[in-house]
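Student: Starting from two chains that each stand alone, build the complex the way the hints lay out.
One-letter residues, chain by chain:
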Amino acid sequence: MDKYFIYLFLVGFVILVALSFAIFLLLKNFKRKEAQCQRKLEETRQGQQNLYDTFSGLTAFSGIKSALDYIAKNLQKAGFPRVLIFTIDKDKRVLKPEIVLGFKGDLDLKTLAIPINHSRGAIARSLLENKFFVVENQAHEVYKNLEVKEVLSSGSFMMAPIAKKSDERCWEIFNCGRTECPAYENADPRCWTLPKTQCLSHLREIYDEKTFLDPDSKLKACLNCKRFQSLGVMIVADNDFVTFNEDDKKLFRTFAYEAGSKLERAYLLTDLEAREREITKRMYELSVLKELGERIGYSLNIQKIADIIIGSLKKLIDYSSASYILIDPDKEKLIFKCQLETVVSRPFIDTVKERMLAGLSVLINRELKTENLDESLSGAVLEETITEPVQSFFNIPLTLGEKVVGMINVASTRPGLYKEDEMTILYKITAQASNAVTRLQGVLDVEQGKINAMVASMADGVLMIDKENRVYVINPKVKKMLGLEKDEVSIFDLIDIL
Amino acid sequence: MEQNGEEYKKILTEIIQKQIIILGPDIAIIKARNVVSLTITDDGRVTAIEGDPRPALQKLIDEYVSLSGLIVKKTMEPLLAKYPSIKVPNPVLKA
Numbered sequence: 001m002d003k004y005f006i007y008l009f010l011v012g013f014v015i016l017v018a019l020s021f022a023i024f025l026l027l028k029n030f031k032r033k034e035a036q037c038q039r040k041l042e043e044t045r046q047g048q049q050n051l052y053d054t055f056s057g058l059t060a061f062s063g064i065k066s067a068l069d070y071i072a073k074n075l076q077k078a079g080f081p082r083v084l085i086f087t088i089d090k091d092k093r094v095l096k097p098e099i100v101l102g103f104k105g106d107l108d109l110k111t112l113a114i115p116i117n118h119s120r121g122a123i124a125r126s127l128l129e130n131k132f133f134v135v136e137n138q139a140h141e142v143y144k145n146l147e148v149k150e151v152l153s154s155g156s157f158m159m160a161p162i163a164k165k166s167d168e169r170c171w172e173i174f175n176c177g178r179t180e181c182p183a184y185e186n187a188d189p190r191c192w193t194l195p196k197t198q199c200l201s202h203l204r205e206i207y208d209e210k211t212f213l214d215p216d217s218k219l220k221a222c223l224n225c226k227r228f229q230s231l232g233v234m235i236v237a238d239n240d241f242v243t244f245n246e247d248d249k250k251l252f253r254t255f256a257y258e259a260g261s262k263l264e265r266a267y268l269l270t271d272l273e274a275r276e277r278e279i280t281k282r283m284y285e286l287s288v289l290k291e292l293g294e295r296i297g298y299s300l301n302i303q304k305i306a307d308i309i310i311g312s313l314k315k316l317i318d319y320s321s322a323s324y325i326l327i328d329p330d331k332e333k334l335i336f337k338c339q340l341e342t343v344v345s346r347p348f349i350d351t352v353k354e355r356m357l358a359g360l361s362v363l364i365n366r367e368l369k370t371e372n373l374d375e376s377l378s379g380a381v382l383e384e385t386i387t388e389p390v391q392s393f394f395n396i397p398l399t400l401g402e403k404v405v406g407m408i409n410v411a412s413t414r415p416g417l418y419k420e421d422e423m424t425i426l427y428k429i430t431a432q433a434s435n436a437v438t439r440l441q442g443v444l445d446v447e448q449g450k451i452n453a454m455v456a457s458m459a460d461g462v463l464m465i466d467k468e469n470r471v472y473v474i475n476p477k478v479k480k481m482l483g484l485e486k487d488e489v490s491i492f493d494l495i496d497i498l
Numbered sequence: 001m002e003q004n005g006e007e008y009k010k011i012l013t014e015i016i017q018k019q020i021i022i023l024g025p026d027i028a029i030i031k032a033r034n035v036v037s038l039t040i041t042d043d044g045r046v047t048a049i050e051g052d053p054r055p056a057l058q059k060l061i062d063e064y065v066s067l068s069g070l071i072v073k074k075t076m077e078p079l080l081a082k083y084p085s086i087k088v089p090n091p092v093l094k095a
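Protein sequence lines, in the order shown, are assigned to chains A and B. Start counting the first sequence at 1; every next residue gets the next number (the numbering used here). Start counting the second sequence at 1; every next residue gets the next number (the numbering used here).
Excised from the complex, chain B in its bound form (with noise of 0.2 Å):
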């Protein structure tokens, strides 16, 4: 469990470094930040997560999909692959 939790925040984390880079940090960490279960430094690292990680992780790509669709299927995939034992609740949105 302990190591579940830690391969979110690393997922998570990879998640708002991506968009950081992509979108920029001004809107990326805002975006983050409304997820309220998780804790975020201000350059975009998940130190704690509150709570069940799944639907943090879920509101969070909920988040990024409310700007662009395409962009997070993009991002996603590949990370996704990278951990196959995370799984997302509810689909990411088809662009």
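Next comes chain A alone, as it looks inside the complex (with noise of 0.2 Å):
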């Protein structure tokens, strides 16, 4: 008895035993999961927070590439080690890195340009085709020609479109109606991936019919289109191998999804602060030119119009040299001025009058010397210690009419100072006030006609001379009245007759 309640006892134990065992491991178990349960929620949370800061951050930048800089950091945050963002240069029709974080070879990446057409790998493709792919396996038989995989050493990785919002469609957008179109209320939103779209029959003028059917020629004009949805593609990247969970997969897709509407917004940002910058620059040059308008007033002098223009060009632009060269056909002569406004020295001088000449020399086309040179300078002094050469210079040929009078020249000491803007900008300048003394002139020499019209056809005899006793009017009768059959009739004339 005694033995069979020891045996008892001692199953008894062990199951006990046993079964505390099977409940500690339970609850570790338990713990473990719960731990990484809570892991996974912080990551989660974190993800969510990191997001949240990315796409509430965004709010203070307006430019594109301190914002995709953001987006980057914060995907790093996220727990993607390697980031890629590409986004498109559509001169050159490539898609460009505009971000590299993490990689190996940063600066090979960066010089990478991946050309956007439909025969190329995933990149092009995620573009094109506004399409979230996954790489998870090397060997994988689809991706195995990705141009980028070389460039990425990289086993895993995830790349998504850049994309813009908007729901309308192209017909909604261009208020289309042309039902025949393949892209008229397709199924298929991307209508720049379907051929021979009625949108583009204009450009049957510029390409032949074999050019306009290829459908990377058609992408030339789509990448323009405001219905071109995608922004760039943005790619991340693990260490070789790694399997990306659905939570990586799902907060990647929202940073894409949501870097399409902040990017758009900040391209839209962009255009709007380049359009400021344009009617700011258009108000200033309407300031000056009503200025000069108002100093030129009614004057048919072209000197004086050289001499406000260049007198006025301190406001508008730096410069060594400020310079003109007239062409006087009475005289036969060339009238030069230079308004010095630094020190420079002799050779300088000569410099900028050779280029001068040889403008003006190409554009009339005729040999032009400095021997026939009325020089006369202003401003500063020469000095022969000065040895800076004519760095930076440019010419602005006056005309009237059809004709060249003359040639402006800007020069300075300094190399590439002048820039497009600024340089357009006088190109315009100098432009509207020939254009005003053409128009002038025009007006006077009509009026004179009209005068000289009905002075020759009066009944009267019309004779005035001037204070120098110059025949400045004398019509037909006059002249049949006195016997007079010259065409040029002199005070002389008159007085020999009287």
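Any given hint could turn out to be false.
Keeping only pairs whose Cα atoms sit at most 16 Å apart, straight-line, the calculated EDC-like set for lysine to aspartate or glutamate is [as the list claims (entries may be wrong)]: (1) B:K9 <-> B:D52; (2) A:K220 <-> B:D52; (3) A:K428 <-> A:E278; (4) A:K90 <-> B:E50; (5) A:K480 <-> A:D460; (6) B:K59 <-> A:D91; (7) B:K87 <-> B:E7; (8) A:K333 <-> A:E375; (9) A:K477 <-> A:D487; (10) A:K92 <-> B:D52; (11) B:K87 <-> B:D62; (12) A:K315 <-> A:E285; (13) B:K73 <-> A:E402; (14) A:K249 <-> A:D238; (15) A:K337 <-> A:D374; (16) A:K73 <-> A:E98; (17) A:K314 <-> A:E422; (18) A:K220 <-> B:E50; (19) A:K165 <-> A:E264; (20) A:K304 <-> A:E294; (21) A:K428 <-> B:D62; (22) A:K353 <-> A:E371; (23) A:K92 <-> B:E50; (24) B:K10 <-> B:E50; (25) A:K73 <-> A:D238; (26) A:K337 <-> A:D307; (27) A:K428 <-> B:E63.
Far from chain A by the CB rule (all over 10 Å, computed), these chain B residues [claimed, not checked]: (28) E6; (29) T41; (30) D43; (31) G44; (32) A48.
Rather than coming from a laboratory, the hints here were simulated on the basis of the structure. Please read all numbers here as calculations on a predicted model, not as lab measurements. Heads up, the beta-carbon is just placed ideally off N, CA and C, and yes, glycines get one too.
Tutor: Quick look at the structure:
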């Protein structure tokens, strides 16, 4: 009996120990799973917080590059160690990497340019087809020939297009009623992938039929269209052969989705800023033109106008010298005037003259020489010890109607000084002054013609002599009365007769 | 086609070189480089044309016309006479 109880006690003890151990293991497992869940929750919260921080923080950025940089760094914080963001270069029709973080060989990647056409790999396809790709297996057949795989040197990566959010379809944007167009009410919103769309009929004027029907030729036009949805492509990569879980994929897709709308706003802001700068430039141009117009007044004296223009240049542009050459056809000579803003040398002035004469000679198709030049300098002095040559300059031809009457030159000893905007404004100002003078001359010529016709047809004789005793007006009636047949009548002819 | 391409390069180079003398290299080359399909050296030579050269030629003319239509008219007419096989897609703006 005792043995039976001992035996029972031992079995009970063993069962108890086994149960305790089992409960211990279960509890441990449970705690491990709870810790895992807690970690996952934290990561998700962190990811969402990152997402929130990323996209709420983006309102502070107006620059596209800084917005992309901010998104990329937050992607890294969210657990993606390598980030690559491409944007579109529409002129060259390539995807160029704007942000490269965490990759070996950063510099090589920055020179990467992926052509945007229908025959290229997954990055271009992601852009054109608006598709999300996950690559987790290097040996995966579909992605074996990806050129980016060698560059990324990674077995696992995800890519997603950064796309605008607009749902408006092409026929809605352009108010198009071409129902025969393949894009019209097509279930596929990606009209840029559909061939022979009617929106491009104007391209037939530029491209031959074969080029026009080529999908990549169409793409050239589609990239610049309002409807084209993609702004770029975002890629994240991890260490080799990592498998992305569903949360990773969801987080990344959400990042890409939100990045699209924020980038669209960044592009709009950039565009608005550019327009604001353009308007400011035009207003400045108008104010200078107004002042010039007031100072020029109704003058037909081209030399006075040239003096006013070069006198006003200080407000617009830096220079060492501002000069003009005018062709005086009556005296068969050239008038050269140079306003010096800084001390220069004689060779500097000679170079300015040579450049202006060379330009004028080509324009009027006649060799012009310095021997016939009347020179006058004003402003700063010439100094022989100064050796800086002409390093930047541009010429502005002066024209009246169809005739070239001279040249303005702006020159400096500083290299690369003049920007396109500044030079273009001066060309416009000079052109507008020339046009104003040409129009005024035209009006005066018309009025002069009317008066001449009226005086010539009068039944009464009209003779006018000025203070210098020159015959100013003599009509045919007077000539007939006095028996004068000459075209040009002088005071002496009248004295002889009278 | 190859010969035609070379002719276009020559006429484009001549246009730019003439504008360099008339307007100066700074503005002439800046305006020429606004035509993205052209590859232009620092001395104004066109070394490559991407795609159809006709729109490139028209765009280059338009760039200089934006400065002065009369200058373009005076410089283009003798050049176009020298290359009769080359047709400008749109007429040169009358000054």
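Student: When you check the alpha-carbon spacing of K480 of chain A and D460 of chain A, does it fall within 16 Å?
Tutor: OK: K480 of chain A and D460 of chain A at ~11 Å, within 16 Å.
Student: Are the Cα positions of K428 of chain A and E278 of chain A separated by 16 Å at most?
Tutor: holds (15 Å)
Student: Within a Cα-Cα threshold of 16 Å, do K73 of chain A and E98 of chain A meet the stated pairing?
Tutor: Roughly 13 Å between the alpha carbons, so the hint for K73 of chain A and E98 of chain A holds.
Student: Sort out whether E264 of chain A lies within 16 Å of K165 of chain A, counting only the CA atoms.
Tutor: holds (8 Å)
Student: Taking only the CA atoms, is the gap from K428 of chain A to D62 of chain B under or equal to 16 Å?
Tutor: holds (15 Å)
Student: Holds or violated: K73 of chain B and E402 of chain A, Cα atoms, limit 16 Å.
Tutor: Distance of about 10 Å is within 16 Å: holds.
Student: Going straight from one Cα to the other, do K428 of chain A and E63 of chain B come out at no more than 16 Å?
Tutor: With a Cα-Cα distance of about 13 Å, the restraint between K428 of chain A and E63 of chain B holds, given a limit of 16 Å.
Student: Check whether the Cα positions of K59 of chain B and D91 of chain A lie no farther apart than 16 Å.
Tutor: holds (14 Å)
Student: Quick one, are K337 of chain A and D307 of chain A close enough, alpha carbons at most 16 Å?
Tutor: holds (9 Å)
Student: Run the distance test for K314 of chain A versus E422 of chain A: straight-line Cα separation, threshold 16 Å.
Tutor: Holds, at about 12 Å.
Student: K333 of chain A and E375 of chain A: Cα distance at most 16 Å?
Tutor: holds (11 Å)
Student: Need the status of pair K220 of chain A, E50 of chain B: alpha-carbon distance at most 16 Å?
Tutor: holds (13 Å)
The structure fails none of the hints (numbered hints given earlier).
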